[in-house]
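Participant: Those protein sequence lines, which keep their order, are chains A and B.
Position one of the first sequence corresponds to residue 1 (UniProt numbering), numbered consecutively onward.
Position one of the second sequence corresponds to residue 1 (UniProt numbering), numbered consecutively onward.
Do not rely on the hints blindly, as some may be mistaken.
What the hints assert, rightly or not - When the alpha-carbon atoms are kept at most 20 angstroms apart in a straight line, the in silico SDA-like pairs for lysine to any residue are as follows: (1) B:430 x A:114; (2) B:430 x A:89; (3) B:430 x A:113; (4) B:430 x A:148.
No lab work stands behind these hints: they were computed from the structure.
Here is what each chain is made of, one letter per residue.
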Amino acid sequence: MLSPAAAAAADLQRLRRLLSQSHADWSSSTHFSTGFAALDRLLPSGGLLRGSLIEWLSASPGAGAGLLAVAAAIQAQRPGNVVVVIDRERRFYPPAAAAWGLDLSSAMLVHPANLHEEQWAVEQALRAEHVAAVIAHPPRLDARTFRRFQLAAEASGAVGLLVRPASARPERSWAAARWLVEPQPSLTSWRLRIRLLHCRGRYAAESAAAEVDLDEWITRFDATHACHLAPELAHSTAR
Amino acid sequence: MQRMLAIWLPNWPIQRLVNESPELRGRPLLLAETFAGRSSVAACSREAQRLGIHPGMPLAEASALAPRRLQIKPHDPLADWQSLAQLAHWCRRFSPTVGLEASDPPRTLLFDAAGLASLHGSEQSLLDRAAREMARRGFRVRLALADTIGAAYAVARYGNMANIHGRQIIPSGVSRQALAPLPLAALRLPDSLIATLAALGFECVGDVLQLPREQLPSRFGRQLLLRIDQALGAAPEAIVSVKQSPEFAVRQSFEFPLVRQDALRHALLTLLEKLAHALLVHRAGVLRLKCLIECESEIVAFDVGVLQATASAATFAELIDLQLERTRLTRPATAIALEVLQHAPLAQRQTLFFKAQHDFSSSPALAALVNRLANRLGRDAVVRCRLRHDAQPELAYRLERVLDGLPARHKGNVKRLPFGPLDRPLDLLKAPTPLNATIDAVSGLPQQFSWEGRRHVVNQVWGPERIDTGWWRRRRVGRDYYRLETAAGQRIWSYRRREDGRWFLHGFF
């Protein structure tokens, strides 16, 4: 049992975190980049918020929404934390995610058998401490489940990255940001047109859109994750 | 006065395997081992011997002798040893001190039989009973009872027992006479020493026993004299008793069958606490637990497992609850039983100095998440991925269960990926799907294709990337992969099968 003083201190810390989530000001403990400067500029706080849900809607498979979600998960990743991928259809291809920059050694893959189990697994993963991000592909979400996801993420500080079909657009969303990904035919690099449909702290009237070049991620990623010659040292206080 | 019983299990690796999988009985069976890149026969059954196979033979030669009927299994010395230790454990019903022979690998069980004759009536009835019980369990054995470990071992292993059913009692004080006609190997000597003695013309134990004692150490080393003394009882030798590993199991039956779920839950918790207490005494924690709920007409059984050994009743109560949510009990429960399938010492965990791989148990919260997910969704449903060097995209990674912990060795880890960030699709179909495509006559590439009832026009094509797995694969794969961009901007990964030129859709970027 915690002593009353320790319990009060823990309460205070929890409240502080809640407060910082509503009055967003940028710091790496509360915010992280989407990985693309053009998208960060659209967000009122200049980045995505930890302890929230982000939705990526895409009209068709192969539009690149999954890549954006993985990029965000990589940005959200912190040492000692894990990324959980909930993959009901067993179509997530780890080598591609690794090539895109995801560290597979701190990633966990979960294969639920049906929609019901998928929802349960997403909520469990979002609720756990030391989970940096949860990637999932829920096709349908009722408002109550969605809200439960959001509360779970808020409680633990994990980020829920939901990649969903565009048919989910009329559904009510509890996500802090909802993006619509539309690929652009292009001759050189792979360009995506991304619309910010809804974002907490931003007026709905101003619809915002940006064009993202996926090559930007590759150059940025190459620069920051150039080469590790020696293995990273574990955190000395890890139990 | 000392009396020792030795039970020799001839051809133990084969006996063990046949005992474990009875369908192998009576079939030509061989165990293969690989040493320094060379595969050879480690042991073989009598049926295989009749075909001309003998231990030590190269595997290729042996399999050529009987290509069809031969059963080839890997040689597993550790399993052999474990099974023998288990058998020794079971044999504690005959004698309080049971051990394995001290050689490597052991093939003989040793019992302290001093004073047991009076319990069984006579030494002969003790021997008969042990032989009977072993035969009932399906084991072929030879038994000998003598004054010393050395003599009992020698007679059990090398004695002539053709017409006494493989059981022999050497009366007290006549070890010397009994040992004399046996071959030199009966003295448990190293092969090199036996070769030296054989070269000098010594054939049996009796020949060596006639040599003057004082000359032996200087001519043949100390070991020969020690073994002789041990066999004759002049030097002491003790049985190293097999250690008993405690078994943890609890069971409770109810006077009145339980119908209500909360009553059952309460009973489970009480039982778990009892188990946890028993475990704590041994400073052990549970890794896997079997839970049996006996109902009026059926038994519901399931396993729960955790990532790190724990002796906390609450943890297991929660995990059992998750299972109970899924299994609906239709009949009232009459009894519950818990059995620990796997336990481990509750030791402090060593922290990793180099962060090579996350084992998910560094944080209690993560360990609890893994436990919960794995117990509700199944052990196979919670995995980590390891990349492999394999050209075939479906085989370029392997899934490992998180609950199994980290594998002891990381062999063939992929350090550098052989492809770039956008060369593989994030969304790979479980199986390639035939692509209904219109092919351009000039370039041979798809112009249009239909997928899920819609037509897609191909705007751009990148490729090919040729993936060929080579002839040594049973199912050879030869594919030319192309990245296609549709007019709508979708990117898909498709390939042309090189055997017949058919197109397949394999994934989405």
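Participant: Does each hint fit the structure? Answer for all of them.
Facilitator: Hints, verified against the model:
| no. | hint | verdict |
| --- | --- | --- |
| 1 | B:430 x A:114 | 16 angstroms, holds |
| 2 | B:430 x A:89 | 9 angstroms, holds |
| 3 | B:430 x A:113 | 15 angstroms, holds |
| 4 | B:430 x A:148 | 31 angstroms, violated |
Hint compliance for this structure: hint 4 is the single one not met.
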